[in-house]
Amino acid sequence: MYFPRIITFSSIQPTLGFIAYDCGGPKINITTFKSLNVDFCDLPTEVNVQPIQRIQLLQKTDTYSIPYKSCSIIINYFISRCSVLEDAQTVENGYFTEISELGNSRCSEIHQRLIYHLPLGGGGEITGLKINETRLFATTIAGYIDRHGNYKVLIAQEL
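Quick note, our numbering runs 191 ahead of the 1-based positions in the sequence shown.
The hints are simulated quantities; they were obtained by calculation from the structure and are not laboratory data. Each residue gets a CB set at the ideal place from its N, CA and C atoms; glycine is no exception. Honestly, I wouldn't trust all of these hints.
Pairs of lysine to aspartate or glutamate, EDC-like flavour, derived with a Cα cap of 20 Å [to be verified]:
1. 260 x 300
2. 260 x 237
3. 260 x 324
4. 218 x 253
5. 251 x 292
Simulated restraints, written as ranges between beta carbons of each label pair [as the list claims (entries may be wrong)]:
6. 288 x 250: 56 to 62 Å
7. 319 x 299: 17 to 23 Å
8. 320 x 258: 52 to 58 Å
9. 304 x 257: 21 to 27 Å
10. 338 x 260: 25 to 31 Å
11. 296 x 326: 47 to 53 Å
12. 250 x 303: 38 to 44 Å
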């Protein structure tokens, strides 16, 4: 048997350098490197820097007074008899309190006239008020009381 000999020649060119990523800087850079000292590296993460604006508030310590008048009126209602069905259902034991806060003009009017109109309607008006004094007044808010002291309910025809 006869085997032919095949001779193969290949020529290898000498390599002068490699091209790769440089991980040593803040951004990816393509550069050459020495193949004797190769290490794995992670790509650098991009750092987002956002400037924060700082504002300093300067405050003056000057104070000054502003004249203002207000009134607080506390009204205690006691429903003693002859109450309308709705009044008897909404208050406990026939007693409730209301606080009215009045502004400058309404407060000045009450100080001048010494008269206060009840906010619950019925034309209730309290006269003869004295400043910073507690007074008791009897008034009828709904219906009316006849000359014998009997309570009469207003019916729709009388309204």
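Are there hints from earlier that the structure breaks, and if so, what are their numbers? 2, 4, 5, 6, 8, 10, 11
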